[in-house]
Amino acid sequence: MVRHMVEQEMIGRVGRVTGKVTPGHIGEVMIAVRGGSEAFHAYGSEPGQTIVNGTRVVVVEYFPPRTVVVSPV
Amino acid sequence: MGTFLSAAAAIVVGLAIAAILLVVLVFRSMWRIAEPNEALIISGRAHRPRGEGHGLGFKIATGGGTLVMPGISAVRRLSLDLRETDLEIDCVTHQGIALRVRGVVIYKVGDDLVSIANAARRFLDQQNQMDQRVHNLFAGHLRAIIGNMTVEEMIRDREKLTQLTREHAGTEMEKLGLIVDSLQIQEILDPTGYIKNLALPHQSAVEREARIARAQADREATEKEQEAEAQKALARRDSQIRQAGYQAEVDQAAAASRQAGPLSDATARQKVVVEETRIAELEAERTEKQLLVEVRKPADARAYEQVTLARASREAHIHEAEARAREIEVSAQADAARVKLAANAQAERVKLEGEAEAHAAQARGLADGEAIRARGTAEADTIKARAEALAGHQEAIIGQQLAENWPQIVEAAAKPFGSIDRLIVLNGVEGISEALTQALGQGVAGLQAARRVLGDPGVAQAAPAASANGSAVKEGEPV
Numbered sequence: 001m002v003r004h005m006v007e008q009e010m011i012g013r014v015g016r017v018t019g020k021v022t023p024g025h026i027g028e029v030m031i032a033v034r035g036g037s038e039a040f041h042a043y044g045s046e047p048g049q050t051i052v053n054g055t056r057v058v059v060v061e062y063f064p065p066r067t068v069v070v071s072p073v
Numbered sequence: 001m002g003t004f005l006s007a008a009a010a011i012v013v014g015l016a017i018a019a020i021l022l023v024v025l026v027f028r029s030m031w032r033i034a035e036p037n038e039a040l041i042i043s044g045r046a047h048r049p050r051g052e053g054h055g056l057g058f059k060i061a062t063g064g065g066t067l068v069m070p071g072i073s074a075v076r077r078l079s080l081d082l083r084e085t086d087l088e089i090d091c092v093t094h095q096g097i098a099l100r101v102r103g104v105v106i107y108k109v110g111d112d113l114v115s116i117a118n119a120a121r122r123f124l125d126q127q128n129q130m131d132q133r134v135h136n137l138f139a140g141h142l143r144a145i146i147g148n149m150t151v152e153e154m155i156r157d158r159e160k161l162t163q164l165t166r167e168h169a170g171t172e173m174e175k176l177g178l179i180v181d182s183l184q185i186q187e188i189l190d191p192t193g194y195i196k197n198l199a200l201p202h203q204s205a206v207e208r209e210a211r212i213a214r215a216q217a218d219r220e221a222t223e224k225e226q227e228a229e230a231q232k233a234l235a236r237r238d239s240q241i242r243q244a245g246y247q248a249e250v251d252q253a254a255a256a257s258r259q260a261g262p263l264s265d266a267t268a269r270q271k272v273v274v275e276e277t278r279i280a281e282l283e284a285e286r287t288e289k290q291l292l293v294e295v296r297k298p299a300d301a302r303a304y305e306q307v308t309l310a311r312a313s314r315e316a317h318i319h320e321a322e323a324r325a326r327e328i329e330v331s332a333q334a335d336a337a338r339v340k341l342a343a344n345a346q347a348e349r350v351k352l353e354g355e356a357e358a359h360a361a362q363a364r365g366l367a368d369g370e371a372i373r374a375r376g377t378a379e380a381d382t383i384k385a386r387a388e389a390l391a392g393h394q395e396a397i398i399g400q401q402l403a404e405n406w407p408q409i410v411e412a413a414a415k416p417f418g419s420i421d422r423l424i425v426l427n428g429v430e431g432i433s434e435a436l437t438q439a440l441g442q443g444v445a446g447l448q449a450a451r452r453v454l455g456d457p458g459v460a461q462a463a464p465a466a467s468a469n470g471s472a473v474k475e476g477e478p479v
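So the sequence lines, in the order shown, correspond to chains E and G. The working numbering puts the first residue of the first sequence at 1, with every later residue one more than the last. The working numbering puts the first residue of the second sequence at 1, with every later residue one more than the last.
For reference, chain E alone in the conformation it holds in the complex (with noise of 0.2 Å):
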């Protein structure tokens, strides 16, 4: 099904930082998906990871509906 895929295809998708990550609070990124752009609550891919405002990022793991794991670019 395409919109399957879709959501296959969250992974590697390049976001934009909204809400600064950080260890112990979530964290929040907009990812372009669907035509639209929509936020997630973002995790950093790494222990004691902490991501500022602006950083682009890229999605390394998915957890349905609205989190995800990131890694700086």
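Check the hints yourself; a few may be wrong.
[As the list claims (entries may be wrong)] Dumping the calculated EDC-like pairs for lysine to aspartate or glutamate here, alpha-carbon to alpha-carbon at most 16 Å:
#, chain 1, residue 1, chain 2, residue 2
1, G, LYS175, G, ASP111
2, G, LYS108, E, GLU38
3, E, LYS20, G, ASP157
4, G, LYS108, G, GLU88
5, G, LYS108, G, ASP86
6, G, LYS108, G, GLU159
7, E, LYS20, E, GLU46
8, E, LYS20, G, GLU159
9, E, LYS20, G, GLU167
[Stated by the list, open to error] According to the in silico footprint, chain E covers these stretches of chain G (three or more CB under 8 Å from chain E):
#, region
10, 100-113
11, 154-163
12, 170-183
[Claimed, not checked] Away from chain G, derived, C-beta distances all over 10 Å, residues of chain E:
#, residue
13, VAL14
14, GLY19
15, GLU28
16, ALA32
17, ARG56
Just so you know, these hints were derived from the structure itself, not from any lab. Small disclaimer: the values here were computed from a predicted structure and weren't measured. For glycine and all other residues, C-beta sits at the position ideal for the given N, C-alpha and C.
Position chain G against the provided structure of chain E, taking the given hints into account.
For chain G alone, coordinates are given in the frame of chain E:
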């Protein structure tokens, strides 16, 4: 035949059209379109997608059309629209300050299939109650969020607010298939005045600056105004001084012109007076000279005459007096010599007489002494004898003494009358006799008193001496 055929053809065409219409209508009744803001939840037909949608049990259609078999499948719409819920809660900040917060939360059903499925399972029949549910949920979340913030952070730190919103509410909302787009705090009601107090220091500083600036501006303006006033006053003063000066000149000129007539009159009169004065002076001078000739000169002559005469007279008197003095002097000297001689002779005679008399006196004194001693002895005896006799015959002796002194007593009693120049008695002869009787009565009363006095033994001793000089009578006088 032809009409039959054409009729048959028409029927066929009609049937075909009807069939097409029917197909279209059926298709229309079966074809469901999902609008961009909604998801179709199709259930009923066995639906087994693979992968993510595995085990879903129903079909979700978004952004397109899908064919639904009426009677087999049921189609329901889930709105993906933005929704909002107003919140108003009483809460306490991280610092323990009680606040009333009004906020709004904006959320929607997530666009991904999982979110739609979660939301469909929870809210499909209660879409209109979704706001109420979310309100109840978010009241607690907001309270927790604010409990982790301070008032200052609420006002200034948007980042922290969204962060906390995400942490507290995000995952929980995920369970409901909802995503929180935004949480806004619209209003903070602050019954304790904390926010107002936060503002106070800066506000006061600004106010102070404003007041200082205003005061400074006011001062400068006032200074300038006063300077301008002073300059105006100065100008006014100068103007008035000048006006007064001009006015004075005008007045002076006017007065001068007004006085011109009287002044010339006065000048003319003055000249007249001057001339008259000179005339009077000349007349006075003439009179003076006349008097000099008529009065003073003769008077001077007379005075000189008298002075000369007086001087001559004085000279004559002086000479006369001197001559007399000389004469007196000479005669006095002669007298003095004569007196001196006479005095010497007299002195000699007195001396001789004194000596003779002294001898005589001495002899006489001796004789007298003898005589007095003899008489004293005799008198002492007499007094002694009389004292003895007195002890026995006091009354008789007093009577005798009174008889001896009677004339003096009567005289003393009559004394008041003697000093009277003229006696007027109002009741005739009887009056005279009465007065005499009264006077004599007084004398008798004096007699009684004298007797009383003499009757006193202390006085009786001195009685002979008193009777000798009449003091007994004098004692009776004041009675």
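Structure-based check of each hint:
1. LYS175(G) / ASP111(G): 14 Å, holds
2. LYS108(G) / GLU38(E): Distance of about 12 Å is within 16 Å: holds.
3. LYS20(E) / ASP157(G): The hint holds at about 13 Å.
4. LYS108(G) / GLU88(G): 20 Å, violated
5. LYS108(G) / ASP86(G): 14 Å, holds
6. LYS108(G) / GLU159(G): Not OK: LYS108(G) and GLU159(G) at ~21 Å, beyond 16 Å, violated.
7. LYS20(E) / GLU46(E): 15 Å, holds
8. LYS20(E) / GLU159(G): 9 Å, holds
9. LYS20(E) / GLU167(G): Holds - the C-alpha atoms of GLU167(G) and LYS20(E) are around 12 Å apart, at most 16 Å.
10. 100-113: Result for this restraint: holds, n = 4.
11. 154-163: Per the Cβ count (3), the hint holds.
12. 170-183: holds (count 6)
13. VAL14: Consistent with the label, VAL14(E) stays out of reach of chain G, its closest Cβ about 18 Å off (over 10 Å).
14. GLY19: 6 Å, violated
15. GLU28: With a cut-off of 10 Å, GLU28(E) comes too close to chain G, as the shortest Cβ separation is near 6 Å.
16. ALA32: Correct as stated: the minimum Cβ-Cβ distance to chain G is 12 Å, above 10 Å.
17. ARG56: Its Cβ never comes within 10 Å of chain G, the nearest being 19 Å, so this holds.
Of the numbered hints listed earlier, those contradicted by the structure are 4, 6, 14 and 15.
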